[in-house]
Amino acid sequence: MLESLMAGFELVLQWQNLMAIVVGAVVGYAAGALPGLSAGMAIALLLPFTFTLPPLTSLVLLTALYAAAEYGGSITSITINVPGEAGSAPTAFDGYPLTKQGFPAKALGISIIASLFGGLLSTGALILISVPVANFAIKFGPPEYFALGIFGLSMVASLGGKSWLKGLITVAFGLLITTVGIDPISGIGRYVFSMSLFEGIPLIPVLVGLFAISEVFMTLEEMGQGSLPYFKVSGALPTMQEVLRCKIAMLRGSIIGFIIGVVPGAGKSVASFIAYGEQKRSSKNPEQYGTGVLEGVAAPEAANVAVVAGALVPLLSLGIPGSAAAAILIGAFTIQGLQPGPLLFVKEPGLVYGIFAALLLGNIIMFFMGILGTPVWTKIVTVSKEILTPVVLAMVMFAAFAESGNSFHMWLALIFGFVGYLMRKFDFPVAPIVLSVVLGEMIETSFRRTLMMSEGSYDLFVTRPFALIILFIAFAALAYQVYRGINDHKKTKAQGC
Amino acid sequence: MKNKGLISLTLICMVVALALAGCAKSTAPAQEANFPAKTITILNSSAAGSPTDVMARQIARVAEKNLGQAMIVSNLTGGSGGVMLAHLMKEKSDGYIIATLTASQIAALQSDLKTHFKFEDFEFLANIQSEPYAIAVRSDSPFKSINDMMEYAKANPMKLKVGGQGTGSALHLLVLELAEANNAKISWIPLGGGAESVTSVLGGNMDVISTAPATVSQYVEAGQIRMLAVSADKRLAGYKDVPTLKELGYPELVMTQYRGFIAKKGIPAGAKARLVDAIHKATEDPGFQNYMAQNKMENAYMGPEQFTAYAKKDFELIGKLLGKMDK
Numbered sequence: 001m002l003e004s005l006m007a008g009f010e011l012v013l014q015w016q017n018l019m020a021i022v023v024g025a026v027v028g029y030a031a032g033a034l035p036g037l038s039a040g041m042a043i044a045l046l047l048p049f050t051f052t053l054p055p056l057t058s059l060v061l062l063t064a065l066y067a068a069a070e071y072g073g074s075i076t077s078i079t080i081n082v083p084g085e086a087g088s089a090p091t092a093f094d095g096y097p098l099t100k101q102g103f104p105a106k107a108l109g110i111s112i113i114a115s116l117f118g119g120l121l122s123t124g125a126l127i128l129i130s131v132p133v134a135n136f137a138i139k140f141g142p143p144e145y146f147a148l149g150i151f152g153l154s155m156v157a158s159l160g161g162k163s164w165l166k167g168l169i170t171v172a173f174g175l176l177i178t179t180v181g182i183d184p185i186s187g188i189g190r191y192v193f194s195m196s197l198f199e200g201i202p203l204i205p206v207l208v209g210l211f212a213i214s215e216v217f218m219t220l221e222e223m224g225q226g227s228l229p230y231f232k233v234s235g236a237l238p239t240m241q242e243v244l245r246c247k248i249a250m251l252r253g254s255i256i257g258f259i260i261g262v263v264p265g266a267g268k269s270v271a272s273f274i275a276y277g278e279q280k281r282s283s284k285n286p287e288q289y290g291t292g293v294l295e296g297v298a299a300p301e302a303a304n305v306a307v308v309a310g311a312l313v314p315l316l317s318l319g320i321p322g323s324a325a326a327a328i329l330i331g332a333f334t335i336q337g338l339q340p341g342p343l344l345f346v347k348e349p350g351l352v353y354g355i356f357a358a359l360l361l362g363n364i365i366m367f368f369m370g371i372l373g374t375p376v377w378t379k380i381v382t383v384s385k386e387i388l389t390p391v392v393l394a395m396v397m398f399a400a401f402a403e404s405g406n407s408f409h410m411w412l413a414l415i416f417g418f419v420g421y422l423m424r425k426f427d428f429p430v431a432p433i434v435l436s437v438v439l440g441e442m443i444e445t446s447f448r449r450t451l452m453m454s455e456g457s458y459d460l461f462v463t464r465p466f467a468l469i470i471l472f473i474a475f476a477a478l479a480y481q482v483y484r485g486i487n488d489h490k491k492t493k494a495q496g497c
Numbered sequence: 001m002k003n004k005g006l007i008s009l010t011l012i013c014m015v016v017a018l019a020l021a022g023c024a025k026s027t028a029p030a031q032e033a034n035f036p037a038k039t040i041t042i043l044n045s046s047a048a049g050s051p052t053d054v055m056a057r058q059i060a061r062v063a064e065k066n067l068g069q070a071m072i073v074s075n076l077t078g079g080s081g082g083v084m085l086a087h088l089m090k091e092k093s094d095g096y097i098i099a100t101l102t103a104s105q106i107a108a109l110q111s112d113l114k115t116h117f118k119f120e121d122f123e124f125l126a127n128i129q130s131e132p133y134a135i136a137v138r139s140d141s142p143f144k145s146i147n148d149m150m151e152y153a154k155a156n157p158m159k160l161k162v163g164g165q166g167t168g169s170a171l172h173l174l175v176l177e178l179a180e181a182n183n184a185k186i187s188w189i190p191l192g193g194g195a196e197s198v199t200s201v202l203g204g205n206m207d208v209i210s211t212a213p214a215t216v217s218q219y220v221e222a223g224q225i226r227m228l229a230v231s232a233d234k235r236l237a238g239y240k241d242v243p244t245l246k247e248l249g250y251p252e253l254v255m256t257q258y259r260g261f262i263a264k265k266g267i268p269a270g271a272k273a274r275l276v277d278a279i280h281k282a283t284e285d286p287g288f289q290n291y292m293a294q295n296k297m298e299n300a301y302m303g304p305e306q307f308t309a310y311a312k313k314d315f316e317l318i319g320k321l322l323g324k325m326d327k
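Protein chains in written order, with the working numbering: chain U, 1 to 497; chain W, 1 to 327.
The following block holds chain U by itself, in its conformation from the complex (with noise of 0.2 Å):
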């Protein structure tokens, strides 16, 4: 294996691959970056332009601008509140109290290390255990997917912020959202008053509207109140002390990251909120998550690099996609008359290993370009709001309608925006309104195919070890959050206001 990894190594440094890989690195940390552009679309925007290239050449370019995507999807949350994709909400989390305390290089210098990191561990597990955690992952059927997106949910608990009660009504209202549209199972329509609601609401103008837009009308806001908060920012990177007290949660988001992405079709996003919630429960000082806690910027990040290494298992050797994204990377293989899939290893082993040592030699460039690029991102917050507010407006709308080509969605994102907002005035946390609609689908059909398989009977959730044991997990964590909360509580009143 040792020599077929030299040999991709060797492949991959010729320099049209080199060129490819700086290339989709720099495509994809912009797209990561920019809020409402996603790694999936700007693939699928390139897809095209790769029909000339030279096989590896393509698909080195495109792994690694899905893999870039994640590194930069975390600076816009960090700086300015709003994720450049979905799996970069909980970045912000902590990410941009740190800002605010003037600390915006310390978030992001973790959040590269994280990414690095958790990168790098994903990639050696690719590499050392695709074919035997591919067979396992296949064995998930609709009661552990079921299971799983339960199990995604019941993070919602520790994202809550102050009143988990009002978080259970943000996820219950997010999972209304995902009814509508034609019902995959009996093929009726839930409604569907337009024909751009057969597939559902998407979830790019959902995310642009309830973070990017929403944070524009609240700027607004202060704006015209006349209160814009200034920061003072020093650009003082984490020291190597925070960095190591940072590697557990960065193993952490690594594990669970590489897990989520293996599970074909479980959602990539819900990685890095699942490794923050795990986070989060299991750190000494959970009450201080939310104000600014380095741990709670790298477990997500480290999750959300991983899930593209762990979401190309099942690609390379299964042919089946972890991931939307990864979908589209299909494509990528098929234009150049390829087929992602168990023969692809034994036909193209130079191909594989080629993208593997991509992958290595990627994650170490996006290091560099985000470490370097940090003191540029950091003058981000010093922007002036008046400037940024409408440029982001801009994009977000751009965003949302470039998408899909349809500017149906851009009017989506504007009343999102306006949830978003309205939620945010009274308390309401937004984040698990993306978790809903990003598990939502996978959680319905699945219940549904279950009991179709079963004939109508319950017991398959509990006869089927794994998706027991996933259930289990799921109520044992949320028991636990409410428990701790209501202690809590009971410890603040005890202590006398």
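Any given hint could be a false lead.
What the hints assert, rightly or not - Distance windows between CB atoms, simulated:
(1) W:Asn34 to U:Ala394: 35 to 45 Å
(2) U:Ala402 to W:Met89: 48 to 58 Å
(3) W:Tyr239 to U:Val462: 33 to 43 Å
(4) U:Ala394 to W:Tyr239: 51 to 61 Å
(5) W:Tyr239 to U:Pro54: 22 to 32 Å
(6) U:Thr52 to W:Ala293: 36 to 46 Å
(7) U:Ile248 to W:Gln289: 51 to 61 Å
(8) U:Tyr480 to W:Glu298: 58 to 68 Å
Said to hold, decoys possible - Covered, in the sense of this in silico footprint (three residues per stretch, anywhere, with C-beta under 8 Å from a C-beta of chain W), are these stretches of chain U:
(9) 178 to 188
(10) 450 to 459
Hints were generated in silico from the structure; no laboratory data involved. Cβ coordinates follow ideal geometry from the N, Cα and C atoms, glycine included.
Given the coordinates of chain U, assemble chain W onto it according to the supplied hints.
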């Protein structure tokens, strides 16, 4: 401060300029004699890299040389193809904007899109590919033939788990017809895309899947999946030992996923002829034929009249099967 005002003004101008740029409409009248005088757009309702998208791009690559104008593929997904069709219907039919059409959209015309479009709204230009569907199982399955499968289904009503994409889709209707012909009851589990079908059968979550040969070909080659039958008219060149449903005694079950091009009704005759000719010549190009061979697809070219008749037949068959399903 003067500076702030200037910056805001510049930004406003930039945004307005960008917006206006997006509104520009092409006003050059299309003259039939010079067709094509500008770029032709091919709308596609699936994502970049999907089979139909790749077909369109392969055709465009060759045909544009013949036509002397660029042909670009524009992806407009959503609404079971409805978003793309709506866009097609909005524009003038002057030959500069055409669309891909597959069996999935024809099926949708009988269900999701029934109230939005009629079959007669479109003119059929040419068909390029026609792939049958396949019934497949994991290679260690006890079912070695359609007969085995149906025997089991007859003896165990609702126990046979058959998975495939969609509800009311051709894949679903195919299986329903098969079951009905045998007086058997099967349990249909609608899944997402082809990859999901493969995952579910390989992982043992489905007993049988209704899918396409192209989706499972590499797994068949790797010995992980076995095809029990295909819904073609005659046995496929690449799979000589897989029987057709027709020869197994189900003559009506000849259904394919076909892919071709259409235009909105009213396309000028001259433009239509030029387009059809260019597309036809593209299918004879060696580079294109290489792509077809690599994907194990046979040439299924049909001209306008043939394609219209074929699609109409399929449209009516789907309508009939859907009607039965609703009872």
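Structure-based check of each hint:
no., hint, result
1, W:Asn34 to U:Ala394: 35 to 45 Å, "holds, 39 Å"
2, U:Ala402 to W:Met89: 48 to 58 Å, "violated, 23 Å"
3, W:Tyr239 to U:Val462: 33 to 43 Å, "holds, 41 Å"
4, U:Ala394 to W:Tyr239: 51 to 61 Å, "holds, 53 Å"
5, W:Tyr239 to U:Pro54: 22 to 32 Å, "holds, 31 Å"
6, U:Thr52 to W:Ala293: 36 to 46 Å, "violated, 20 Å"
7, U:Ile248 to W:Gln289: 51 to 61 Å, "holds, 57 Å"
8, U:Tyr480 to W:Glu298: 58 to 68 Å, "holds, 59 Å"
9, 178 to 188, "holds (count 5)"
10, 450 to 459, "holds (count 3)"
The structure is inconsistent with the numbered hints 2 and 6, although it conforms to all the rest.
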